[in-house]
Amino acid sequence: MVVSPYCTIGPYFPASFVEGHEDLTHYRGGTARGQHIVLSGRILQEGGVPTRNTILEIWQADAAGIFRHSSDPRCREADPGFAGWGRARTDAEGWYRIRTVVPGSYGDRCPHANLMILAIGLTRRLVTTVFFPNSPDADPDTVRDPVLDCVKDATARKRLFAKRESAGEYRFDLILRGEGETPFFLD
Amino acid sequence: MTMSFSYDPYDDRTQLKRYIDRYPLSFTRTPLAPLVPRPLTLSEITGPAGTDLFTVGPMDLSRSAPDAPKATGQLIQISGRVTDEAGSPISGAVIEIWQANSAGKYIHEMDRHNAPIDPNFTGEGRLVTDADGQYQFFSIKPGAYPVLESGWWWRPPHVHFSILARSWMDRFVTQIFFPGEPLNETDLLLNAVPDRDVRERLIFQFDGTSMGEVNALGFRRDFVLRGRRQTPEID
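Protein sequences appear in the order of chains A and B.
The numbering used here puts the first sequence at residues 1 to 187.
The numbering used here puts the second sequence at residues 1 to 235.
Just so you know, the hints here were simulated from the structure itself, not pulled from any lab data.
Quick reminder that beta carbons are idealized off the backbone N, C-alpha and C, glycines included.
Do not take every clue at face value.
[Unchecked claim] A short list of chain B residues far from chain A (calculated; beta carbon distances all over 10 Å): (1) Ala115; (2) Gly123; (3) Asp130; (4) Trp154; (5) Ala192; (6) Asp207; (7) Ala216.
[To be verified] Only some residues are given here: those of chain B computed to face chain A with a beta carbon under 10 Å: (8) Ser4; (9) Tyr23; (10) Thr28; (11) Ala33; (12) Ile107; (13) Leu189; (14) Gly218; (15) Asp222.
Bound conformation, chain A alone (with noise of 0.2 Å):
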């Protein structure tokens, strides 16, 4: 059977359909285990120019590199408190905001989490891979990591890794297009 066309998610998104999912460190009721830290940073397009009303959503391993979902062998295990995915929208400076872990390594991935953007303008979702450096000063090259490794521009490279700003807060800009832009993965 042939697949549905994606079209664009528009400017409409309602608020509640957001509310409540820029938190994955509380969930039913649990706190989640780990290193709790906000994940924040710009949306940028052509020209450095924010991108207002743009929706994120965010899939990741909890803290001890688990996914709750059927297909990890070990989903059993999977921290009741985390909610593995989330989503959150941009203000008029394109900034948005999520409330994590740092996400645990497991078999041959380094620490990281899928990032999705929808937006108006776009008719399918852009997908990316953020990467989580092990320690401040962690030289991004001499990571080895089966996604991560398509990316051959070393610049290119680079940026998917988060800026580690504190011991709680992460930096990711994404920038969809123009000087500097992200790195999207083929979808």
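Assemble chain B onto chain A, guided by the hints.
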């Protein structure tokens, strides 16, 4: 035993164009660099499956409570089925819909159109597909509305759909239009498709009328989400 699914990249022939003439935002935020191919790992083939992240309901957008007054407009029933590429039903998929009221006005801070809000119309709904992948909402037929910054473009009546199904890979968002609307012929999005079959998949099929307890026009749209079951692996 772990059940897993395989996902191929979208075939551009089944999708809207990324760049659309006279739609400036498609040119200012679509990446210039080619999209990077990557392998799919556990991280991408898992996702927010199941319903426990969401409050489900309402399934009836035409009133704010079962005993509340009806919204103004033509009552419609929207239904269909969600399957994967192999035709297997996807049960437990979360479907979110949102739309303008019968006057073409959304409940949203970004909507500057000077049409009236209908206090009885909720404008949004959410449900979970049943064991056979079926869904059903009640609503009011949405009105058309102008894209004010364009100076000419009127959006035909349409309903927005967002589906969260089995994984990060089959996450899906679209807009579905109504058959026979004159504005369908000029809509930039509906016409940004490579062929007629793709266009048809963005339009509801008229599904008859119901009379009695519910008096509504029926509209149907099935969805095929990306993904097919792989041969089960023995752990």
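For each hint, the structure was consulted:
1. Non-interface call for B/Ala115 relative to chain A: holds, since the shortest CB-CB distance, roughly 13 Å, exceeds 10 Å.
2. With a minimum CB-CB distance of about 7 Å to chain A, B/Gly123 fails to clear the 10 Å threshold, and the non-interface call is violated.
3. Every CB of chain A is more than 10 Å from the CB of B/Asp130 (nearest about 19 Å), matching its label as outside the interface.
4. Once the 10 Å rule is applied to beta carbons, B/Trp154 is consistent with being away from chain A; the minimum gap is 14 Å.
5. The claim that B/Ala192 lies off the interface is violated: its Cβ sits roughly 7 Å from the closest Cβ of chain A, which falls inside the 10 Å cut-off.
6. At the 10 Å boundary, the C-beta of B/Asp207 stays outside the reach of chain A, the nearest C-beta of that chain being 17 Å off.
7. Every beta carbon of chain A lies more than 10 Å from that of B/Ala216, the smallest distance being close to 23 Å; the non-interface claim holds.
8. Restraint check, B/Ser4 versus chain A: the minimum CB separation of about 5 Å is within 10 Å; hint holds.
9. Against a cut-off of 10 Å between C-beta atoms, the interface hint on B/Tyr23 holds, since the closest Cβ of chain A lies about 7 Å away.
10. With its C-beta approaching chain A no nearer than about 4 Å, B/Thr28 sits inside the 10 Å limit, and its interface hint holds.
11. Nearest Cβ of chain A to the Cβ of B/Ala33: about 6 Å, under the 10 Å cut. The hint holds.
12. For the restraint placing B/Ile107 at the interface with chain A, the shortest Cβ-Cβ distance is roughly 7 Å, inside the 10 Å limit, so the hint holds.
13. A least Cβ separation of about 6 Å between B/Leu189 and chain A falls short of the 10 Å threshold, and the interface hint therefore holds.
14. Given the 10 Å rule on beta carbons, the hint for B/Gly218 is violated: about 20 Å separates it from the nearest Cβ of chain A.
15. Below 10 Å, beta-carbon pairs count as interface contacts, and B/Asp222 has one with chain A at about 8 Å; its hint therefore holds.
Violated hints, listed in ascending order, are 2, 5, 14; each of the other numbered hints is respected by the structure.
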